[in-house]
Amino acid sequence: MSTPASLSMLPPVDAAPGIRVYNQKLGMWVFLLSEIMFFTSLIGSYIILRSAHPEAYPTPGSVLNIPLTAFNTFVLICSSVTMVKAFAAAEVRDARGIRVWLLATIGLGAFFLGVQAFEYWKLLGHGFGPSVAGYTAAGGPLYGSTFYTMTGFHGAHVFLGVVALCFTLFRATRGAYDHGDYGGIEVMGLYWHFVDLVWIILFTIVYLM
Amino acid sequence: MAIDPNVGANLHSPDMPADATHELGAAHPKPRYMFIFGVLAVLTMAEVGVAYLGLPQRILVITLVFMAMWKAGLVAMYYMHLRFEPRNLIFLVIAPLPLAFVLVLAVLTEF
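Residue numbers (my numbering), protein chains in the order written: chain A, 981 to 1189; chain B, 118 to 228.
Misleading hints may appear alongside valid ones.
[As the list claims (entries may be wrong)] Some but not every residue of chain A turned toward chain B, in silico, with C-beta under 10 angstroms: (1) Glu1035; (2) Gly1041; (3) Ser1042; (4) Val1043; (5) Thr1053; (6) Tyr1100; (7) Met1130.
I should point out that these hints are in silico values taken from the structure, not numbers from a laboratory.
Beta carbons are placed, not taken as given, at the ideal position from N, Cα and C, and that holds for glycine.
The following block holds chain A by itself, in its conformation from the complex (with noise of 0.2 angstroms):
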């Protein structure tokens, strides 16, 4: 016996074959899609509160450590690199490729959270906390609370992201992704890369303006 057609979860016509993606992509880049107006919402929230409490924030320079954050950008930029060569990897069925640059990325996303967590400790030694109260720092409470809210919600999207990674490497360690199943990689790559490319926006915003 039949299904009757109002009871059916199929199509009433076969599905449009779509944008040329398969759907791990299109599901991760949708994703992203909203991840941008989350950051974006973050990042309006920040100018609005900086411009109308300018004597909150001092120049960064006097609170930050530009010098160590700017090697820290430049980690995240270099796992960036490291990734895209598994992915590249990945492409040509490299498995040993895949792995060692897998593992890299793994550890500079790692190491970035490691610079991140010391940076942290420093400013909470020096009184830049992210509450009100105990704030000793230059400037007012506001400028420590978007700051760990901007910083932290990054820094919880690369801890994600190195997690996923070490899943990732796992699951290419078990002989995954090299015999042109490489989408786990690319998707994963996405993310990774989006986190990268959010630094660059905030590293400019938070500490160099």
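Got chain A; can you put chain B on it based on the hints?
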């Protein structure tokens, strides 16, 4: 026409055999990843240098935003391969950017 499946043919489904590539997208030349990395590194150093120049705030902001957008564009175009994607995906990605721009610009003009 034979297409080398190893030359950055990332437009076809990774689950499909390589010979299906020609139906779903032409192969693109492999981007020069290390060259892009060099440009990103130089731009980062230039940004930090500009920040220490002591420029008037308005000129500093315009210069830094321009450099940051340039870097972000390079990452999206070459590392995220957006330049080599089907036009519909590019439109999809570009669509929210004016909204993001308007959101930030709208709050900026309040001050």
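**Prompt:** Holds or violated: is the Cβ of Gly1041 (chain A) closer than 10 angstroms to a Cβ in chain B?
**Reply:** At 8 angstroms from the nearest chain B Cβ, Gly1041 (chain A) passes the 10 angstroms test, so the hint holds.
**Request:** Verify the interface restraint on Ser1042 (chain A): the C-beta must sit less than 10 angstroms from at least one C-beta of chain B.
**Result:** This hint is violated: Ser1042 (chain A) lies away from chain B, its Cβ roughly 13 angstroms from the closest one there, beyond 10 angstroms.
**Asked** Can Glu1035 (chain A) be said to touch chain B, with a Cβ gap under 10 angstroms?
**Response** Nearest chain B Cβ about 13 angstroms off; hint violated.
**Request:** Would you settle whether the hint for Tyr1100 (chain A) is holds or violated, based on the nearest Cβ-Cβ distance to chain B being less than 10 angstroms?
**Result:** violated, 21 angstroms
**Asked** Is the shortest C-beta separation between Val1043 (chain A) and chain B less than 10 angstroms?
**Response** violated, 14 angstroms
**Item:** Hint check, Thr1053 (chain A) versus chain B [nearest Cβ-Cβ separation less than 10 angstroms]
**Value:** Interface hint status for Thr1053 (chain A): holds (6 angstroms vs cutoff 10 angstroms).
**Residue hint Met1130 (chain A), partner chain B, criterion CB-CB below 10 angstroms** = violated, 14 angstroms
Of the hints listed earlier, those the structure fails to meet are numbers 1, 3, 4, 6, 7, in rising order.
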